[in-house]
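Participant: Input sequences plus hints: build the corresponding full structure.
So the chains spell out like this:
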Amino acid sequence: MTDSFEPTIIGFTCNWCSYRAADLAGTARIKYPPNVRLIRLMCSGRIDPTFVFKALANGADGVMITGCHPGECHYIEQNYKALRRFQLMRRTLQGFGVEPGRIRLVWASAAEGARFASEVTAFVEEVRALGPLHWGKNGTVPAIAAPATIQKEEVPA
Amino acid sequence: MSDYILYPGCSMETGARAYYDSLKAISKPIGLNLKEIDDWNCCGATEYFGISKTPAYALIARNLALAAEEANGTRKLVAPCSACYLNLVKADHYMREQPKFGRQVNEALAAGNLSYKPGSLDIHHLLDVIIYDIGLDVVEKNVVRPLKGVRVAPYLGCMVPRPDYDHRWSDHDLPVELDMLLKTLGADVVDYPLKTECCGGHMPQISPATAFEMLRRLISVADEREADVMTTICPMCQLNIDGYQGEMNGFFGTNYHMPILFFTQLMGLAFGIEPKELGFGLELVSAKNVLDAIGVKTPPEAPTPPVPPRKPRKPEGLPMPTPLTNPQIETLKKEVTK
Amino acid sequence: MTEAVSISSTPISDPRQIEDQTLLKEVASRTAGVSNLEMCIQCGTCGGSCPSAVEMEHTPRRLFAMLRAGMREDALKSNTPWICVSCYHCVVRCPQNIHIPDVMYTLKTMAVDAKLVQDSTAPDFSQTFIDMVEEYGRSFEIGLASRHYLKHFPLRLTNMMPMGMGMLSKKRMNLTPTRIKNMKQLKAILKRAKELEAEQ
Amino acid sequence: MTENMIENTSSNDDQEKIGVYVCHCGTNIAGVVDVVQVAEWAAKYLKHRGVVIAREYKFMCSSLGQELIEKDIKELGLNRVIVAACSPHMHEKTFRTACANAGLNPFMCEMVSIREQVSWVHTDKVAATAKAKAMISGGVERVRHNVPLEPIVVPINPATLIVGGGIAGIQSALEIADAGFHVYLVEREPSIGGHMAQFDKTFPTLDCSACILTPKMFSAGSHPNITLLTYSEVEKVDGYVGNFTVTVRKKARKLDEEVCTGCGICQEKCPRKVIDDVFEAGLGYRKAIYTPFPQAVPNRPVLDVANCTYYEKGTCKACEIFCAPKAIRFDQQDEILTLQVGNIVLATGYQLFDARRITNYGYGRLTNVFTSLEIERLTNAAGPTNGNVVLRDGKTAPKTVGIIHCVGSRDKNFNNYCSAICCMQSLKFAHLIHERTGATIYNFYIDIRAASKDYDEFYQRVLEEGTLFVRGKVAEITDVPRMESEKGKLIIQVEDTLVGKQRRIPVDMVVLSAGLEARSDSKEVAKTFGISCSFNGWFIEKHPKLDPIATMTEGIFIAGCAQGPKDIPASVAQGAAAAARVLGRIEQKQMALEPVRASVIEEKCSGCRICNGLCPFNAITFHEDRMVTEINPALCQGCGTCVAACPAGAITGTGFSNEQIMAQIDGLLMLNVEPEPVTA
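Chains as they are written, first to last, in the numbering used here: chain W, 1 to 157; chain V, 1001 to 1338; chain G, 2001 to 2200; chain Y, 3001 to 3680.
Source of the hints: derived by calculation from the structure; they are not laboratory data. Please note that a few of the clues may not be correct.
[To be verified] Looking from chain G toward chain V, a few residues come up when the C-beta cut is under 8 angstroms (computed): (1) P2051; (2) F2125; (3) K2181.
[Claimed, not checked] Calculated lysine to aspartate or glutamate pairs in the DMTMM-like style (CA-CA distance at most 25 angstroms, straight line): (4) Y:K3017 to Y:E3070; (5) G:K2181 to V:E1036; (6) G:K2187 to V:E1013.
For each residue, glycine too, the CB sits at the ideal point set by N, CA and C.
Facilitator: Here's what the structure looks like:
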């Protein structure tokens, strides 16, 4: 079944490097599998572990976190914070009994479209190898759980 | 005090017996406890790589595996022979650099119920250990018969300061470690620019002409710079310069007489150990002149070696840039001038 | 390897000779560690640093260019790898961190496999040396020397005599080889290693 | 400002009316994504999420496309817009402006990049179309939580700080000053002029460096709009674009600049000779009290305390004794100045690669090996040898000279980049040394890079002059001869790669064309000014191609070699460009900042201070009295790190709020899509 399995992956990108890398991959017409859906943040430092766990809990099979290379952060050093949170998240996932390999941290500068594409390709393969992640009640049947989750989100935080 | 696993290498028991004898003689006073690997095998020198890759590395890896097994507590493996040292380091390094290759080598080892985890040993050359672990201050304490007035050309050869994967040496071309050691022994160190040039390796067996030319360069420069003796840290270098000097003289019609000793022999000498214990006399080009030089002299007041002329008070010409300060070298210098 | 020979079976002078695009990759993949061979910028630091370059038919740089050009036969015929003394000057100076001596080792192996070695002195020396090691687990100078010199430099033996005698009289050469205890183990390891080498 | 943002977030109960616009981009998108199907799908399956209209159109960015959106906003009363087209970096402004024109707050419009992220990178039409749908659904969920935002407007202080008095800094300063605005020009050394002042001739025109630089230095020194702060360093920078507060340390010159006449008697009488490592590149001497060179601006000496006999022994005072106007002040202390500026230009320049690091080239060990900067001084008529090119002995002229390119450049062991100027500089030396000495000149190069106006022509000229070119990176330089002809020479050992043979070339003098490096303290400087620098220490520009002058930090611009190796024309151009950018800002008098900011909801802030340490822009301040944290919206750059870190969820990031992102995740996972379409 894993052969036909197409993983769904949520990718977080930083507005200054990795999102532009994705743009560049596009303009350079570099092909990669369509399993990744990107969210644009201003900085990898913005990533709240909740985002990652929520994505996995609500049906994503993997999460890709991308940012500027160490020392080249648009906001000077925030990507280091992302790095620290990433380590933390891996450990937490292990605690949950989820393969830490389902999240991946990628540094990609605005000039590294090719790198971005190859990293996505590699990650998709890794997650495909891991198989689908049935996590949380909603797991693979999102439709049923859908209204609920949406409602929850609409309650003012 | 500090324990090390020793990989002697074939030549230490044959061609370089003087090296082994002198090493044994000096290791006690400087508190260097060496434990020889049981049933070690040849490292394959530079020959096996050219025949077949995997067997070459498996051959080396067997020694690493054995060493790692015996290495309870201590991780430090020390090799006195340059070629052996490099091969051991290289195997470890490439097995780390290319995990796939590492697995392959281990697969071969498995056939002998052995395995080696890359990076689990800390591999050093003997000189490195003496300088950076034992320390020149300890060496200095043992000097009872300074080699005053003996002009020594320090010669390291290739394979220890290069490729130097772990950046342990002060320089690739002109490292100062050996000079510092010799100064500590009270010797008069010759500024020898070819200290890491090649001795020809196995060329005498393959292309004599090439080898002899290389030897000529080394010996002639040592001779021009009025060295009484060369000293080395490598059995191969010693063998080539010592063993083939005669043939080389014949080849060029020269008559150089440039003895070459192992640095451990000079250490022992300065420590006041009997020359016989240090394997003196095993060299083909006799180093008797060195013994005479010290034998006759009494340590305290000896003619101080000619000091280089001071910079004139009034600067003439254009000033030279100040030498680059390398913290590693600086600490060494301090120790020596203690 | 057999197909390697067939590829380069047409003489180099033949303009129709097909460039062997697989050569560079093959050399790189057969070299221990990460060779960086493909990174060469042809600056010549290696050829400039080499203490024995004078004796070489091609400087290392030129040899690498030939590998790129897919000139398999010419490259493997070259005496360059056999003249390399593994002094590592080129390695530490190479601006692209190419493992030059290791590439040379690979080329030696490939040359022997492809039976393209011109002068057999060096390969024979290595082989004799290795035979001893595989036999005893230790090197055995006198056996090596006598065998090697008799074959390649019979005339040199007279000049060698003083040295040889010196070495013997000073017991710097053993008349009998030393053998390691667990030869069985070593042989097993090497056997497996050879199989693995052959597999790729 | 913080307040009304909160209001906006809370007062968000009006019914969402979302318009979805799917662009064909000709065939760029439509070629792979079934845009018609996507639009229909959105209209049908996202209806219950507030999508009232979904259209597809050939070119949404065309005026017709924009009108379509504007019309719908007016007629259907849309309050949210999703444009599924190219990357927001391409057309976000376009569509937000369109919305604004129709009276909708521009920040209620979001783009979904189905070109760069879908049609251009995927081939499988079905999968691509599916992904496009998912991304739109994500966009829809996100935009539901968008709130109207007002740009933050800050006033611009017309004064400008320029750091670094090299040619780039001088150019920048003059441009701004001439436009009638005030400039503070801060220089670390006693005089402005930078490296260019050390040079003799400039390539490829060979006009005299001093002749073209000195006038500029002079006008910078005498300009009514320029305050020159030499022998000074910036210590601290506070504030943000429009109003920076800069702290400058003016090091004590130990003399009263007002009283001093610059007559120079003090340096004439000073008994203490010191090797001049800075201006003379270690080749010449200066006194303990000195002006680095005759045309120095300002023409006021500094007293180098470290080397002054008086400060060592307590006697001497020769300078004071001979100073007619009595300007010497031994007790003078450093001054701390505080400047108020609106914009900052960093032109801190480069430093020369330390050639001693390449031991096989023997610089510092072999007497007649020189660096490029030393040769600049040797060839300079005002230099230590009055322009005579001689060996280290100070007399002998070389008969053969080897010039080595790429020293420390294009080498993974040192600097892996090309220093850009070395080729031309080496060609210049070849010409000058040949001209002065008639010596035979060798150039050792890997590649000749003469790619600029009239550069290759200069190469041709040097070839004509009989310079010998050897293609090969020099392996080593030694004084150990192998044959008679090499005795007493420096031997350059190299592979002549065009011949394919190793050569040993004996010469009298070796010139190392050392590369350019970022200043050793560039990383600290970057930190002080809140900008980032690359691994190699070069300051990072906002965009490598489209904005090499601005930095990621608003109000801070870079010029000259501080941004990367470049030659004089390029430095001047960049200096001028930076000035133009600053002037543009000043003319605006105020500027609007993207309202992507973090703000604290004080009621929720527990005062835990976790966020306090996270902000590299010092935008976060803690109020001890109220025990709450506040974020200065003008300082905040909107990275959102604090938002993510706040355990109480008390910090909201406008434009990238938790609600928006959480919702977008669900949208991307299609959790919002009804199994069956809700029929209207």
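Participant: Output the numbers, in ascending order, of every earlier hint that fails for this structure.
Facilitator: Failing hints: none at all.
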